[in-house]
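> Given only the sequences and the hints, what does the whole structure look like? Please build it.
Note that the protein sequences, when read in sequence, are chains A and B. Sequential numbering of the first sequence, starting at 1, is according to the numbering used here. Sequential numbering of the second sequence, starting at 1001, is according to the numbering used here.
Calculated from the structure, these hints are not laboratory results. Glycine residues also receive a C-beta, built at the ideal position from the N, C-alpha and C atoms. Some hints could be false.
[Unchecked claim] Only part of the chain A face toward chain B is listed, based on derived beta-carbon distances under 8 Å:
id	residue
1	A27
2	S90
3	C115
4	P133
5	S165
[Stated by the list, open to error] With a straight-line Cα cutoff of 25 Å, these simulated BS3-like cross-link-like pairs (lysine-lysine) come out:
id	chain 1	residue 1	chain 2	residue 2
6	A	K188	A	K74
7	B	K1104	B	K1074
8	A	K131	A	K52
9	B	K1118	A	K53
10	A	K52	B	K1106
11	A	K131	A	K148
12	A	K53	B	K1106
13	A	K35	B	K1104
14	A	K74	B	K1133
15	A	K53	A	K131
16	B	K1074	A	K131
17	B	K1118	A	K52
18	B	K1106	A	K35
19	B	K1074	A	K35
20	A	K53	A	K188
21	B	K1118	B	K1106
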Amino acid sequence: MQEHRHNHHDHDHEGSHLDEVELRVRALETLLTEKGYIDPAALDVFIETYEKKVGPRNGARVVARAWADPDYHKRLMQDATAAITELGFSGRQGEHMVAVENTPDTHNMVVCTLCSCYPWTVLGLPPVWYKSPPYRSRAVIDPRGVLKEFGVTLPQETRIRVWDSTAEIRYLVVPMRPAGTDGWSEEKLAELVTRDSMIGTGQPLSPNSAA
Amino acid sequence: MNGPHDLGGAQGFGPVAPERDEPVFHEAWERRAFALVLAMGGTGTWNLDMSRHARERIPAADYLGSTYYDIWRKGLERLLVENGLATSDEIASGQSVEEPVAVKRKVLADAIPAALAKGAPTTRDAAMPAAFKIGDRVRAKVMNPMGHTRLPRYVRGKLGTIVATRGVHVFPDANAAGLGENPQWLYSVAFGARDVWGPEAHEGDEIRIDLWEPYLERV
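Dropping the structure here:
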């Protein structure tokens, strides 16, 4: 590693730090493969799954179905794990799902102050801001200030419920269905459902902006 | 433990910085670090709670100065050394010197889709009836354990109300310490924002936290 640094002495500090982490991770993978603890092909499958297959479009389908189908909505609110499994999304970091619904009176917002708990099955891996100290520290003490940074301002009379995911329960926010979407198909509705609206740090898109 | 990870209510970290069209991973090494943690977790040498606790034990300044997947890497290195799977020198060089240790399982590529779809539920059968019911007033205990806990500092000693019963789940405080799963009833507890933060908080706002029975006392 020392030699590597010399070869790159013209890099700025951030650059050389990156090189160092990169080498460190490469060394780790080499070592663990050589010891026979891991199969490098397995790493590729994990990466492919969470980079390409699992993501917030899953959650958008769940929300759109709940908006369009009152029976599904009921099942989702009663047993979210089962209702989400109906659409084919289940498993790791979504074993115990709870759906929480926004209303004109109550806005829900999800955080994990202790680490980065997040419903992978419906939202994929969390964005950097969700895992970072500013959000984790402030979501519970200053939710309105945080929402403002996301461009969301709620009426004074709307109560905020911040869900701190300290256990293995994973929360999915069901945002309010935008007005002017009567008769829309589930596919079209799903296009309005943003990742942030399912965390509670955003609102769904308006029907005009989705066109 | 009152580690650097327990961030709820801390001030001074600045604004949240959402990134537009953020990629899942920002660097190639993040992909590998992420997958290494999942693959090694799959060997069954440690559990999820031990893994979290390893990250929490990273010295505070180092933890707060590290990016997310670097924290994962550092936690993994710690677990490898503590469990005798590799030495620090081997990790630094990438060269295996010591004989490998037998692990319970090895995660194979073909088995991953089914394993991920199944997940690892933490619910267990109830050995005792629940001590609390919806509507009960409770106090989060004042405690400062040196080990792993999922009772955040900011609610300790505060009064709240049980709003949901979530079943019986593996108890992280025991599981992280290698004392077994010791399953306990889990509840969602609502705390008024003003009860936690004082009059500056917005009237009517609340925080809902999932807390295990041993964290709570009846009021």
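> I'd like to know which numbered hints this structure contradicts. Please list them from smallest to largest.
No numbers; nothing is violated.
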